[in-house]
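Q: Single-letter residue listing:
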Amino acid sequence: MASGVKSRVKLPRRVTAGEVIPIKTLITHRMESGQRVDEAGAVIPRAIIHRFTCHFEDEAVVDIEVHPGIATNPFFEFRARVPRSGVFRFAWYDDDGAVYTDSQAVEVV
Amino acid sequence: MALNRRGFLGAGAGVLAAPAVLAEGHARPRVLVIGGGAGGATAARYLARDGAGAVAVTLVEPSRVYVSCFFSNLYLGGLKRIEEIGHSYGGLARGGVNVVHDWAVAVDRAARVVTLAGGGELGYDRLILSPGIDFVEGAVPGWSLAAQNAMPHAYKAGSQTELLRAQVAAMPQGGIFAMVAPPNPYRCPPGPYERVSMVAHVLKETNPTAKILIADPKPKFSKMSLFEEGWAEHYPGMIDWVGEDFGGGVVRVDPDAMTLSIDGEATRVDVCNVIPAMKAGRIAQIAGVTEGNWAPVHAADMSSRVDPDIHVLGDAAAQGDMPKSGFAANSQAKVCANAVLAALTGSAQFPPRYANTCWSLIAPQDGVKVGATYEATAEKIARVDGFISQPGETAALRRETYGESEDWYAAMTADMFGAPVT
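In order, the protein sequences belong to chains A and B. Heads up: the first sequence begins at 4 in my numbering, then just goes up one per residue. Heads up: the second sequence begins at 214 in my numbering, then just goes up one per residue.
Any given hint could be a false lead.
Claimed, not checked - With a straight-line Cα cutoff of 27 Å, these simulated DSSO-like cross-link-like pairs (lysine-lysine) come out: (1) B:K431 x A:K9; (2) B:K431 x B:K582; (3) B:K417 x A:K9; (4) A:K13 x B:K433; (5) B:K417 x A:K27; (6) A:K9 x B:K433; (7) B:K431 x A:K13.
Note that these hints are calculated values from the structure, not bench results. Given the structure is predicted, the values throughout are model-derived calculations rather than measurements.
Throw the hints in and build the complete structure from the sequences for me.
A: Right, here's the structure in full:
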């Protein structure tokens, strides 16, 4: 597991039923592309977040495949319709096998 | 007053152009400058030099030594000594400016008299205010003047800057340096991010596992792509910037517990550099020339929109498109000094021309810049055209850009203070 990785999510906690809400996510991650060489000329191994998913309860909201061209600290913003109260779960999949997760409950009022 | 040809003619023109002033019984028109920074020092020096004795110039400045905010980040980065960014007012005094080390605490605009904290009073025919910035009270919940030793702002250079450097040096291995960045508009737009770069440079050498956390109320910042590129290259994985999207503007600090809370999530930090929201230096408010946080001015001569006998320079002024920078204040001061001399002595007045450049250092020898030229319109100082460094520039070009900034610093401080007294 890489050090210094931190995820953040931002979405409204209280919504009305059927409302479309903006969801923003950010993960602090180096996203080493595998294209760079170090001072000795050796290739620095690729170490990126290659997949990001968001689920609302058991339903997939987005499932994104990420390639080495994506910058450091990947930021995703998307929208989702919220039919009822529930929990959004987020997962970032690292090349080294680690999975970073985050979640936030949304209450329909 | 030295009786040379230029001074004699200047004084003679004054008799013709400003009879009202002489009718009040003053031998020479009096210009009072409050604040001895990039705006005030430059204005005082140009008035004394170009006026050649035709006007009496007094500068009120509490500090005995001016420590420049510009290049103070390089001191934080260990690239400059504090003595290298400190300047005496002796050169100005020798150049004919009456330098008074005191605080201005009241302005009587009707009588045109300024009262000093030490009890003295100074009359003026024209008043030039160049008071820099003060912080907006309560801008960062939990932070106050009483907390500035635990959580320094280091945004007025001097002891605060030295304190912040010592705190960075004392960080435990793997510790966290936090910064609360200010909302727009504020002094030196790229300043907080150059500071992060310089702190990162120090940590990379001495404390490579340390982290930097920035809480920022803005969605983007000056030279953002250049800084982000440089941070990824020089300090990979060290700097975490939390912008408006993730609650960077919803912060609270606890100076006793040394915590920074961002959008409700508290983090224990080792150093916390709090740079609160800013407003015009207090004397501008006391003088009653501010609207909101800043003092609106006419672009042609930096005169206040509230009182034609008062001019406001630099960070405190709301002038239009120029950023709040030392370069900008210096540029405005020269326009203002020329206009004030013309009004008081009848000397030639030139069309206003303004310019600014802000250099920033991302790592040693990795310099970038942004700048523009400006013109005066009826509404504001308006940007004409500009330039900015680009991502992916060669190391040689970046070295050259840094070299420019060093040359500018020498020229700028000589322009403000004249030749140092040896």
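Q: Now look at each hint and say whether the structure bears it out.
A: Okay, the hints, checked on the actual structure:
With a C-alpha separation of about 20 Å, the suggested pair K431 (chain B) and K9 (chain A) falls inside the 27 Å cut-off, and the hint holds. Among the hinted pairs, K431 (chain B) with K582 (chain B) is consistent with the structure: their alpha-carbon atoms are about 21 Å apart, no more than 27 Å. Taking the CA atoms of K417 (chain B) and K9 (chain A), the gap is near 20 Å; set against the 27 Å cutoff, the hint holds. Among the hinted pairs, K13 (chain A) with K433 (chain B) is consistent with the structure: their alpha-carbon atoms are about 17 Å apart, no more than 27 Å.
For the proposed pair K417 (chain B) and K27 (chain A), the alpha carbon gap of about 31 Å is over 27 Å, so the pair is violated. Proximity of K9 (chain A) to K433 (chain B) is assessed by CA-CA distance (about 20 Å); at most 27 Å being required, the pair is judged to hold. Taken as a hint, the K431 (chain B) and K13 (chain A) pair is honoured in the structure, with Cα atoms around 16 Å apart against an allowance of 27 Å.
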